[in-house]
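Just so we're aligned: the first sequence equals residues 1 to 258 in the UniProt record's numbering.
Check before you lean on any hint, since a few could be wrong.
Stated by the list, open to error - For each label pair, taking beta carbons as the anchor points, the in silico distance ranges come out as:
1. R151 with N240: 12 to 22 Å
2. D121 with H241: 41 to 51 Å
3. D192 with G20: 43 to 53 Å
Note that these hints are calculated values from the structure, not bench results. Glycine included, each C-beta is placed from N, C-alpha and C at the ideal position.
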Amino acid sequence: MPELPDVEGFRRVLSDHAVGRKIRRVDVLDPGVLRGVGVGTLQQVLVGRRFGQPWRHGKHLVVPVAGSDSAVLLHFGMTGALHWACDRHRHDRVVFTFSNGELAYRDMRKLHGLRLANGADDVRRVVAGLGPDAAELSRAGLRDQLAGLRRQVKPALVDQAVVAGLGNLLADEILWRAYIHPRRSCADLDTDDFARLHTRMRNVLRQAVSQGRVPPRTTWLTGRRDEKPGSCPRCGTTLNHGRVGGRGTAWCPRCQPE
DNA sequence: GTGAATGTTCATTC
DNA sequence: GGAATGAACATTCA
């Protein structure tokens, strides 16, 4: 689930409820999600302190710890989420308790997790390997990242080192809207292709970010692909399904010619 | 039992 | 060196 819009939603959850509140407790229900930090250290650094304003780059969420140079780094893998003031769930892995409620880091598959950065350099290293954030990317910026790459366009879009924040579903959604076949080479894209790609990307992100998720609407490709095969929301043609860059991919054979 | 699932990383092979 | 592929991580679901 978590792509850029979802992580932006988690950022808002944190920002709306938890920022500035004193952290009363940190309960690690499953140490399996802690990466490179132990339970004791995490509690020592956090309990009694407050979170500062969280920020996001791509799918990474950085949560500064006020009054220290540490920061909690969150990545949600494929099944992670932040929930506020919820009933305990079996996949809650870490729970932060504040005076006004609880914040749970919930993750079924535990593919990623929670790290602790010590100092600004540590934080910088997180972002260092990532491309520009998809939501901030200008048209020229997008072209700069993709133009001339001898790769298929979909694998390039989901490569976090090229553009940060797009995942499997969003990439398919954007390509479908831009009338570009996922297997086309970046090197083949012309000025019009880049223009459409950028416009559609911004549009999809704006709508998805406002909802904090990729909307399940049936006017979106994302809302139809699970019907297997499902039909194109625009022209009604039966969708194609295949593997591109090793990932399950859906596209409309009519709107997105090879 | 099998395969696939919205993510990332590492090894291998062309 | 780049790019594509497959496996690995842990867990659930069809």
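Taking the hints in turn, this is what the structure says about them:
{"no.": "1", "hint": "R151 with N240: 12 to 22 Å", "result": "holds (20 Å)"}
{"no.": "2", "hint": "D121 with H241: 41 to 51 Å", "result": "holds (44 Å)"}
{"no.": "3", "hint": "D192 with G20: 43 to 53 Å", "result": "holds (47 Å)"}
Violated hints: none; the structure is consistent with every hint.
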